[in-house]
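Could you build all of it, start to finish, from the sequences and the hints given here?
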Amino acid sequence: MLENYTPPLWLPDGHTQSIYPSLFRKVNLSETPRRERVTTPDQDFLDIDWYGGSLSEKPLLIVSHGLEGSSDRQYVTGLINKMKGMMNALAWNYRSCSGEPNKNLRFYHSGATDDLDFIIKLAIERGATAIYLAGFSLGGNVTLKWLGEQGKNPPKMIRKAVAFSVPLHLSSSSRKLARRENRIYTHRFLQTLIKKVTEKSALYPHDITAGMLANIRSLKDFDDVITGPLHGFKDAEDYYEQNSSLYFLEKIRIPVLVVNAQNDPFLTEECIPYQLAESSDFVYLEAPKAGGHCGFYPKNYQGVTWSEKRAAEWFRI
Numbered sequence: 144m145l146e147n148y149t150p151p152l153w154l155p156d157g158h159t160q161s162i163y164p165s166l167f168r169k170v171n172l173s174e175t176p177r178r179e180r181v182t183t184p185d186q187d188f189l190d191i192d193w194y195g196g197s198l199s200e201k202p203l204l205i206v207s208h209g210l211e212g213s214s215d216r217q218y219v220t221g222l223i224n225k226m227k228g229m230m231n232a233l234a235w236n237y238r239s240c241s242g243e244p245n246k247n248l249r250f251y252h253s254g255a256t257d258d259l260d261f262i263i264k265l266a267i268e269r270g271a272t273a274i275y276l277a278g279f280s281l282g283g284n285v286t287l288k289w290l291g292e293q294g295k296n297p298p299k300m301i302r303k304a305v306a307f308s309v310p311l312h313l314s315s316s317s318r319k320l321a322r323r324e325n326r327i328y329t330h331r332f333l334q335t336l337i338k339k340v341t342e343k344s345a346l347y348p349h350d351i352t353a354g355m356l357a358n359i360r361s362l363k364d365f366d367d368v369i370t371g372p373l374h375g376f377k378d379a380e381d382y383y384e385q386n387s388s389l390y391f392l393e394k395i396r397i398p399v400l401v402v403n404a405q406n407d408p409f410l411t412e413e414c415i416p417y418q419l420a421e422s423s424d425f426v427y428l429e430a431p432k433a434g435g436h437c438g439f440y441p442k443n444y445q446g447v448t449w450s451e452k453r454a455a456e457w458f459r460i
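Residue numbering for the sequence shown follows the numbering used here, beginning at 144 and increasing consecutively.
No lab work stands behind these hints: they were computed from the structure. C-beta: ideal position from N, C-alpha, C; glycine also. Keep in mind that a hint or two might mislead.
Stated by the list, open to error - Taking CB as the label site, the calculated pair distances span:
#1 247 - 324: 49 to 57 Å
#2 335 - 179: 19 to 27 Å
#3 324 - 295: 23 to 31 Å
#4 421 - 179: 40 to 48 Å
Below, the structure written as structure tokens:
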């Protein structure tokens, strides 16, 4: 098995290990993806990127990105690059994450498994006979929650899944992100989230008002005012409780690898459930001491991160 992640000396902590690859890593894709816009059952749209050829000839990897990410984030394209030759790939953008606002009032959120379910069914309809799932951060939560919802009857095409840097317990992760030392992340997320909601308010002025946005200072504020009520939850805590993938892990019935670094600035002890994983025949948990959030940038970087090597090893087919 691949040795545990060891960071380079010049990335000494969880913050630098998270920020450096996010800002400075460039992935040179060997293939230009084919962008397709698909219509959802509620007459909205999702933009998806396809890599590879016939779905019946090779397994398909479906990759789900993180909060305010997209299908072209380096951790998405890096994993797809690593798996080329072995798998076709599909990277999808959540609603309003592909550069264009979605049509409906709703957006995406940490538990919006209906869109992932739609993507998986689309892949099966297109001929996929073996499907592997990968999720990062929010995308990991969505992936694990969807697998838990399938229980004992997941589609037979689903083989394995991997999830990195997952806020398994959304409430405690939200509280940790609200700490002073994490304001750089909160500020970045809120900038783009509020911009999207402001654009949406022009289309739905009675549902999203200027007054609703005026006092948002944290991600919990945003979830209290926007994410929760807009998607049918009472408030942020109700949203967190109903959508934390931690509560769905025991129901998963395909092999899943969860990798959460102990120094991840986004995660808490609740997000590293050792006992639950020890008692499960399907959920495998690894908690390296270092790695940051969706980081895992190696000492001798040669185009591939430690997490991408670990995923390839886990998916070995």
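### Query
Is it true that residue 324 and residue 295 lie within 23 to 31 Å of each other by Cβ?
Violated - the Cβ-Cβ distance for residue 324 and residue 295, about 42 Å, lies outside 23 to 31 Å.
### Task
Return holds or violated for the Cβ distance of residue 335 and residue 179 against the range 19 to 27 Å.
holds (24 Å)
### Query
Between residue 247 and residue 324, does the C-beta distance stay in 49 to 57 Å?
violated (36 Å)
### Message
Against the range 40 to 48 Å, how does the distance between the Cβ atoms of residue 421 and residue 179 compare: consistent or not?
### Response
holds (41 Å)
Comparing the model with each earlier hint shows violations of hints 1, 3; every other hint is respected.
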